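Trainee: With the hints as extra help, turn the sequences into a complete structure.
For the protein sequence lines, the chains are A and B, in the order given. Plus 8 on top of the position in the first sequence (first one is 1) and you've got this note's numbering. Plus 23 on top of the position in the second sequence (first one is 1) and you've got this note's numbering.
Don't read these hints as lab results, they were simulated from the structure. Hints may be right or wrong, so weigh each one.
[To be verified] Just the calculated beta-carbon pair ranges, DEER-fashion:
| id | chain 1 | residue 1 | chain 2 | residue 2 | range |
| --- | --- | --- | --- | --- | --- |
| 1 | B | Pro388 | A | His242 | 42 to 52 Å |
| 2 | A | Gly289 | B | Ser232 | 27 to 37 Å |
| 3 | A | Val384 | B | Glu288 | 56 to 66 Å |
| 4 | B | Asp291 | A | Ile101 | 42 to 52 Å |
| 5 | B | Ser125 | A | Leu427 | 46 to 56 Å |
| 6 | B | Asp258 | A | Val384 | 53 to 63 Å |
| 7 | A | Leu412 | B | Gly360 | 17 to 27 Å |
| 8 | A | Asn238 | B | Asp258 | 39 to 49 Å |
| 9 | B | Pro76 | A | Ile101 | 26 to 36 Å |
| 10 | B | Pro214 | A | Thr77 | 47 to 57 Å |
| 11 | B | Asp291 | A | Phe325 | 22 to 32 Å |
| 12 | B | Pro76 | A | Ala158 | 24 to 34 Å |
From a predicted model like this one, the values you see are computed outputs, not experimental measurements. Cβ coordinates follow ideal geometry from the N, Cα and C atoms, glycine included.
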Amino acid sequence: MLLHYLDLSWRSFKRTPLVSMLMVLAIAIGIGVTMTSLSVYHMMSSDPIPHKSSQLYNVQLQTMDEGHTWWTGDDIPMQLTYQDAVNLHNAPIPNKKVAMMRTGFSVYLDSDKVKPFTGEARMTTPDFFNMFDVSFIYGGVWSEQQEQSAAPVVVISKELNDKLFAGENSIGKLVYLDDDSYQIVGVIADWPLNLKYYDLNNGAFDKVADLFLPFSLIKAKELTSWGNSNGWKHENIYSYADKMQSEIVWIQFWAQLDNPEQKANYNNYLNSYIQEQKKRGRFTREKPEYSLLDVNQWMQYNNVVSEDNKILVGLSFMFLAVCLANILGLLLAKFLRRAPEVGVRRALGASKRQVFLQHLVEVAMLGFIGGLLGIVLAQIGLLGVRQSYEYYKNIASMDLVMLLSAPVIAITTCIVAGLYPAWLVCKTNPAIYLKSQ
Amino acid sequence: MLEIKPIFHALCRSKVGAILLLIQIAITTAIVSNAAFIIQDRIAFLNQETGYPEQDLFKFNVMTFGKDIDASQQFELDVAMLRALPGVVNAAQSSSIPLSGSGSASSFSLKPAPQESLSVRTAYFHIDEHGLDTYGVKLIAGRNFSEDEVLISNSPTDRTTNVTVVTEALANELFPKGDGLGKTIYFGDLPLTVIGITAPMKGPWLKDSHPNNVALIPYIQGKTYAQFVVRTKPDQRDAVMKEVENLMLKNYSKRVINNIKGLDELKDEYVAADKLMMRMLIVLITILVLVTALGIFGLTLFNISKRTKQIGTRRALGARKSAIINYFLVENAMICGVGLILGCIAALLLGQLLMQHFSIASLPPSYIAGTAIIVFVMSLLAVFGPAQRAANISPSIATRTI
Chain A
9 MLLHYLDLSW RSFKRTPLVS MLMVLAIAIG IGVTMTSLSV YHMMSSDPIP
59 HKSSQLYNVQ LQTMDEGHTW WTGDDIPMQL TYQDAVNLHN APIPNKKVAM
109 MRTGFSVYLD SDKVKPFTGE ARMTTPDFFN MFDVSFIYGG VWSEQQEQSA
159 APVVVISKEL NDKLFAGENS IGKLVYLDDD SYQIVGVIAD WPLNLKYYDL
209 NNGAFDKVAD LFLPFSLIKA KELTSWGNSN GWKHENIYSY ADKMQSEIVW
259 IQFWAQLDNP EQKANYNNYL NSYIQEQKKR GRFTREKPEY SLLDVNQWMQ
309 YNNVVSEDNK ILVGLSFMFL AVCLANILGL LLAKFLRRAP EVGVRRALGA
359 SKRQVFLQHL VEVAMLGFIG GLLGIVLAQI GLLGVRQSYE YYKNIASMDL
409 VMLLSAPVIA ITTCIVAGLY PAWLVCKTNP AIYLKSQ
Chain B
24 MLEIKPIFHA LCRSKVGAIL LLIQIAITTA IVSNAAFIIQ DRIAFLNQET
74 GYPEQDLFKF NVMTFGKDID ASQQFELDVA MLRALPGVVN AAQSSSIPLS
124 GSGSASSFSL KPAPQESLSV RTAYFHIDEH GLDTYGVKLI AGRNFSEDEV
174 LISNSPTDRT TNVTVVTEAL ANELFPKGDG LGKTIYFGDL PLTVIGITAP
224 MKGPWLKDSH PNNVALIPYI QGKTYAQFVV RTKPDQRDAV MKEVENLMLK
274 NYSKRVINNI KGLDELKDEY VAADKLMMRM LIVLITILVL VTALGIFGLT
324 LFNISKRTKQ IGTRRALGAR KSAIINYFLV ENAMICGVGL ILGCIAALLL
374 GQLLMQHFSI ASLPPSYIAG TAIIVFVMSL LAVFGPAQRA ANISPSIATR
424 TI
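Mentor: The following block contains the structure:
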């Protein structure tokens with residue numbers, strides 16, 4: 009029966025090509041506009057690590073004295089001081105935790121084959137790779153012992169390995185970073201991350217780092233952060249050692265808490281940590297304040313989806329509503345003109361339900377064609393977005409979910425538009441039309 | 024004669040079509056007026072005056088990895104080489120680059136920290152006496168640094184600088200009476216005497232809460248990471264930019280020169296998201312107005328084909344062509360009028376909603392009025408074609424089939 013209805017729909021489409029094309033065009037434009045903004049929104053807001061996002065927590069501590077404010081919603085600084093990060097990392101719980109910072113080096117080899125260039129680096133404790141699901145092509149992460157001793161070792165990205173060693177296994181080879189040599193212990197596989205969720209402070213949609221090195225090298229090499237360093241207190245900082253002991257926040261910290269029990273334990277631990285630090289004259293607020301936000305909460309807290317994008321999504325759906333009203337008008341015209349034919353069908357025994365269904369199938373078909381055309385338009389729109397804003401290169405694209413939702417939204421819109429006209433036409437009284445013929 | 028009453032009765036007989044049109048016009052008005060307001064806001068942001076001859080300025084980064092040089096001596100060699108290049112007006116090392124989106128800012132106060140006093144967020148550039156000329160910014164009062172006021176050092180602990188040149192905006196915010204010249208302001212507990220006041224120049228962040236507050240501090244720190252700014256003669260920038268990497272490496276090779284970018288390019292990158300939003304909204308409202316116009320056009324055509332006989336009869340009974348055209352224009356104006364009233368209300372509500380949830384100012388009524396006029400004119404244009412066609416229906420049609 010469905011096939012028969014589809015056949016009828018196609019005939020009807022061909023009979024009034026202009027009106028049909030107008031309807032398809034209306035729905036396609038509506039879908040094109042909506043999908044363009046919705047795709048960007050979807051890629052920005054989708055969970056970057058779905059199976060683990062509720063176990064990974066960003067840790068924030070309220071280190072500021074009473075009365076100081078931050079630009080975050082809850083006034084808590086987004087990063088930690090160096091001393092807090094080290095203390096929390098040395099804590100017995102949880103099992104997996106990571107302290108890290110963004111920096112960069114001049115990268116070159118012993119030979120003259122590669123011209124020195126700048127590489128972005130992440131100084132991190134070794135749990136990083138396991139916690140954020142990073143896999144290796146060659147080698148692996150440095151050992152706990154190497155972390156403790158600030159060993160000159162490095163894990164590099166696949167891209168960098170391709171550039172320096174033509175993609176060969178480079179484990180054990182040396183690479184120069186600034187004026188020291190480092191031994192390569194691992195090469196990570198491609199890590200196609202749309203959103204650099206583990207470090208939203210420094211360009212959420214930037215690509216991941218080229219180099220990963222032990223966190224302990226920060227102190228050993230006196231490295232400076234390439235990200236935000238923020239102070240709230242007046243401190244005299246004349247040396248690197250002063251900075252390590254200061255209240256400047258510049259280190260990011262994540263903890264993996266697998267279940268509510270672990271989370272409760274960690275809450276207790278953080279409370280007691282703050283109490284302990286109080287005795288040393290830090291954390292002067294009466295009430296200890298800290299915050300544990302999981303990946304999705306952290307993304308919201310950092311306003312990853314821009315205001316502009318939310319506005320655009322809202323406006324595009326209103327746009328779709330205008331298209332819907334447009335289609336409804338055209339459908340009404342088209343279906344009512346067909347009343348005599350429907351009258352004959354009804355007289356020959358078609359039930360109201362059958363007539364109704366037949367017309368719904370017809371609008372669904374229009375929706376489907378419109379949806380497909382809409383995807384094409386959305387691709388053009390997204391191409392425009394990418395051209396206009398390099399930074400959205402990875403974000404302005406449609407994934408499978410979006411590709412499938414386009415026709416679904418299109419068909420739903422068309423069926424909503426088609427309900428009233430189809431209902432009107434199935435109410436047709438056959439007698440009137442039979443009389444006049 | 025406008026014949027409103029019969030037209031209204033006729034409309035009542037085909038309510039659905041009219042209501043659909045009305046909804047379209049209302050939503051269109053709501054979207055277009057709010058979008059136009061946002062677009063206007065972005066255009067003003069994108070076209071603002073920065074105070075720099077962006078086309079003639081470019082910057083680059085230097086990352087030094089060799090340890091066999093003295094960083095501040097190397098700085099002297101590098102700037103001397105850059106300033107001597109043909110086509111270069113002036114060059115300087117600058118700790119922050121304007122319009123680039125990255126730099127340093129701190130609170131500048133009337134009293135030394137930790138004493139409480141009026142304190143204002145300020146972006147600061149560590150730069151030498153060539154800085155102002157390199158940026159192409161004029162002094163409006165006082166004087167520039169002299170060469171021996173500039174501290175050049177490899178160590179970050181020296182704190183002997185005691186003068187600063189600030190923008191007028193900063194001086195006036197700290198000294199509202201406008202007598203900032205010669206006064207002392209504090210960067211932390213470091214006292215700085217204001218020796219010069221400059222014409223407006225923007226800091227590193229156009230979207231900062233205080234984008235116009237800039238202080239120049241005569242201090243060059245020899246570091247492994249440095250940024251240079253170069254101003255060239257008009258039209259010679261590209262040539263200098265192409266050469267600069269090799270020239271710098273010729274001066275000293277154990278370093279990386281990168282991020283060679285024009286100031287206009289940096290600004291473009293910084294404002295790219297706003298430009299994108301503006302473009303998307305322009306595309307959105309253009310298509311929207313076209314879709315709505317097509318809707319009106321289509322519905323009028325449909326109505327005419329439905330009423331061919333009535334029109335023919337009216338013509339046969341003596342109605343002029345102009346009466347027929349008037350009929351459709353008035354009919355459209357009635358629908359459009361009601362749609363616009365609803366649309367204005369919807370626009371206000373939508374504006375309020377946007378203001379509540381986002382950082383958008385309240386929608387000025389002029390935008391709604393402007394949009395309403397445009398939509399009204401557009402709807403009349405969309406109706407006029409079909410109405411003329413209706414007027415040309417021959418009276419004989421009416422007599423033929425009845």
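Trainee: Run every hint past the structure and note whether it holds.
Mentor: Hint check results:
no.	hint	in the structure
1	B:Pro388 with A:His242: 42 to 52 Å	holds, 48 Å
2	A:Gly289 with B:Ser232: 27 to 37 Å	holds, 32 Å
3	A:Val384 with B:Glu288: 56 to 66 Å	violated, 32 Å
4	B:Asp291 with A:Ile101: 42 to 52 Å	holds, 48 Å
5	B:Ser125 with A:Leu427: 46 to 56 Å	holds, 55 Å
6	B:Asp258 with A:Val384: 53 to 63 Å	violated, 43 Å
7	A:Leu412 with B:Gly360: 17 to 27 Å	violated, 43 Å
8	A:Asn238 with B:Asp258: 39 to 49 Å	holds, 42 Å
9	B:Pro76 with A:Ile101: 26 to 36 Å	violated, 58 Å
10	B:Pro214 with A:Thr77: 47 to 57 Å	violated, 27 Å
11	B:Asp291 with A:Phe325: 22 to 32 Å	holds, 30 Å
12	B:Pro76 with A:Ala158: 24 to 34 Å	violated, 47 Å
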